[in-house]
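If you read the protein sequences in the order shown, they are chains V and A. Per numbering that gives the first Met the number 0, residue 0 is the first one in the first sequence, and the count goes up by one each step. Per numbering that gives the first Met the number 0, residue 0 is the first one in the second sequence, and the count goes up by one each step.
A hint or two may mislead.
To be verified - Here are the simulated distance ranges between beta carbons:
hint : chain 1 : residue 1 : chain 2 : residue 2 : range
1    : A       : Thr81     : V       : Trp122    : 44 to 52 Å
2    : V       : Ala233    : A       : Gly88     : 53 to 61 Å
3    : A       : Leu198    : V       : Trp177    : 17 to 25 Å
4    : A       : Gly44     : V       : Ile31     : 52 to 60 Å
Said to hold, decoys possible - Here are a few chain A residues that sit away from chain V, every Cβ distance over 10 Å (derived from the structure):
hint : residue
5    : Ile1
6    : Ile27
7    : Pro33
8    : Phe34
9    : Leu42
10   : Ile46
11   : Pro83
12   : Leu99
13   : Ile107
14   : Ala108
15   : Leu131
16   : Phe143
17   : Thr148
18   : Leu157
19   : Glu182
20   : Thr187
The hints are simulated quantities; they were obtained by calculation from the structure and are not laboratory data. The C-beta atom is built at its ideal place from N, Cα and C for all residues, glycine as well.
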Amino acid sequence: MSIWEYANPKKFMETTARLMPWLVALTAVTLIPGLVWGYFFSPEAENFGTSVKIIYLHVPSAFIAINAWIMMLVASLIWLVRRHHVSVLAAKAAAPIGLTMTLIALITGAIWGQPMWGTWWAWDPRLTSFLVLFIFYLGYMALWEAIENPDTAADLTSILCIVGSVFALLSRYATLFWPQGLHQDASLSLDKAEHVADVYHRPLVLSIIGFVLLFITLVLYRTRTEVRARRLKALQARERMA
Amino acid sequence: MIALLVRDIRLAMRAGGGFGLGLAFFLIAVVLVPFGVGPEGGLLGTIAPGILWIAALLACLLSLDRIFTLDYEDGSLDLLATSPLPMEGVVAMKALAHWLTTGLPLTIAAPVLGLLLNLPESAYYWLVVTFLLGTPALSFIGTFGAALTVGVKRGGLLLSLLVLPLYIPSLTFGAEALRRGAEGMANTVPLLMLAGITLGTIALLPFVAAQAIRINLR
Chain V
0 MSIWEYANPK KFMETTARLM PWLVALTAVT LIPGLVWGYF FSPEAENFGT
50 SVKIIYLHVP SAFIAINAWI MMLVASLIWL VRRHHVSVLA AKAAAPIGLT
100 MTLIALITGA IWGQPMWGTW WAWDPRLTSF LVLFIFYLGY MALWEAIENP
150 DTAADLTSIL CIVGSVFALL SRYATLFWPQ GLHQDASLSL DKAEHVADVY
200 HRPLVLSIIG FVLLFITLVL YRTRTEVRAR RLKALQARER MA
Chain A
0 MIALLVRDIR LAMRAGGGFG LGLAFFLIAV VLVPFGVGPE GGLLGTIAPG
50 ILWIAALLAC LLSLDRIFTL DYEDGSLDLL ATSPLPMEGV VAMKALAHWL
100 TTGLPLTIAA PVLGLLLNLP ESAYYWLVVT FLLGTPALSF IGTFGAALTV
150 GVKRGGLLLS LLVLPLYIPS LTFGAEALRR GAEGMANTVP LLMLAGITLG
200 TIALLPFVAA QAIRINLR
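With the hints as constraints, model all of the structure from the sequences given.
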């Protein structure tokens, strides 16, 4: 069992075919209870009222938005180092999901910000870096679309992903130069005392687990689709030759 | 390497090379601003650092797709790839030529345009310093973007989508250093960050861009 075995698309398809129903079921039993618990059975916060409940969408989607890019970075590196074809397809598959998650985080943030801060948008460092991340996802996907040869596209998008990661980090620190904005500090962290009370914490963690599983499921689904599309292209090319 | 540099500068200076075009674009972009926001001197003076930096970014962007596309189309890039000169050197010279024909003229022209935008007097020194420290990064990042899209037909729009987000750190630190300098505040930290980004891009991006060119020529 190593990830190198799954560079063989046939092996990858067989294993994931067996895995998919389990993943879908696991996603359903964590995501749905997590959200329902959060939305209907958790108390309202003193200062925020009902609007606090958007946290169960906002925090997990923001978490995935960042980690999807990190996953793409790792997958791109694996492709560049070992020519692992499935790996680069997984990176390609993850990009639109990451883009959507970034958009969900931005939109839920705006919906929350309007009643709470009195504005839809502020040029706060956190908000700004998410907008930048959104543009990076767009550029990455646009480069995939623009290049016809799949291997060339894979190489160039991987390079862009690596260079983009460095510049995304730089932008993150560049915006810290601005006066501190409206966004509160991290909701969850490993090394500090929790910022949110336990009643919110438990459904939130369940929702995050649900979102992670949802992300894995969707990435595998999209990767399977990419593998099939690649096979289809090969078949069509063979037919034209015959 | 020097021969290549001289060749690229000559090509850029001749008609159709886009040498004057970038400068003219910089001028028109800056001149348009007072029409858009109104001619009050106070407001113009406040936003002038940001406007000058953004106009410089866009002017740089304008000539980026010329760096490799023409050489790619007429085959000189293949010749350069097979020449004894390493591709990294070719890329670095291309970026240097781009800076000498856009970044440097922009730096020289910027104080004049600052005058038009009612930039405070204390800012002129910092304007030239931040432009000198910052614009080389624009050329080297742009060369990397151009190397990525060299095989794409009519890749100009894609190029700007890829390159402009990469300009954000330079823009933030450059405009911030200029603004703080103009107001007489300490601006060493953003200035050092700006210079650091420039040196980092000069040191590393030619290697990445050369790899991208090799992939595109495969």
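Evaluation of the provided hints:
| no. | hint | in the structure |
| --- | --- | --- |
| 1 | A:Thr81 / V:Trp122: 44 to 52 Å | 49 Å, holds |
| 2 | V:Ala233 / A:Gly88: 53 to 61 Å | 39 Å, violated |
| 3 | A:Leu198 / V:Trp177: 17 to 25 Å | 24 Å, holds |
| 4 | A:Gly44 / V:Ile31: 52 to 60 Å | 57 Å, holds |
| 5 | Ile1 | 28 Å, holds |
| 6 | Ile27 | 26 Å, holds |
| 7 | Pro33 | 24 Å, holds |
| 8 | Phe34 | 25 Å, holds |
| 9 | Leu42 | 18 Å, holds |
| 10 | Ile46 | 15 Å, holds |
| 11 | Pro83 | 25 Å, holds |
| 12 | Leu99 | 24 Å, holds |
| 13 | Ile107 | 26 Å, holds |
| 14 | Ala108 | 26 Å, holds |
| 15 | Leu131 | 19 Å, holds |
| 16 | Phe143 | 7 Å, violated |
| 17 | Thr148 | 7 Å, violated |
| 18 | Leu157 | 5 Å, violated |
| 19 | Glu182 | 14 Å, holds |
| 20 | Thr187 | 13 Å, holds |
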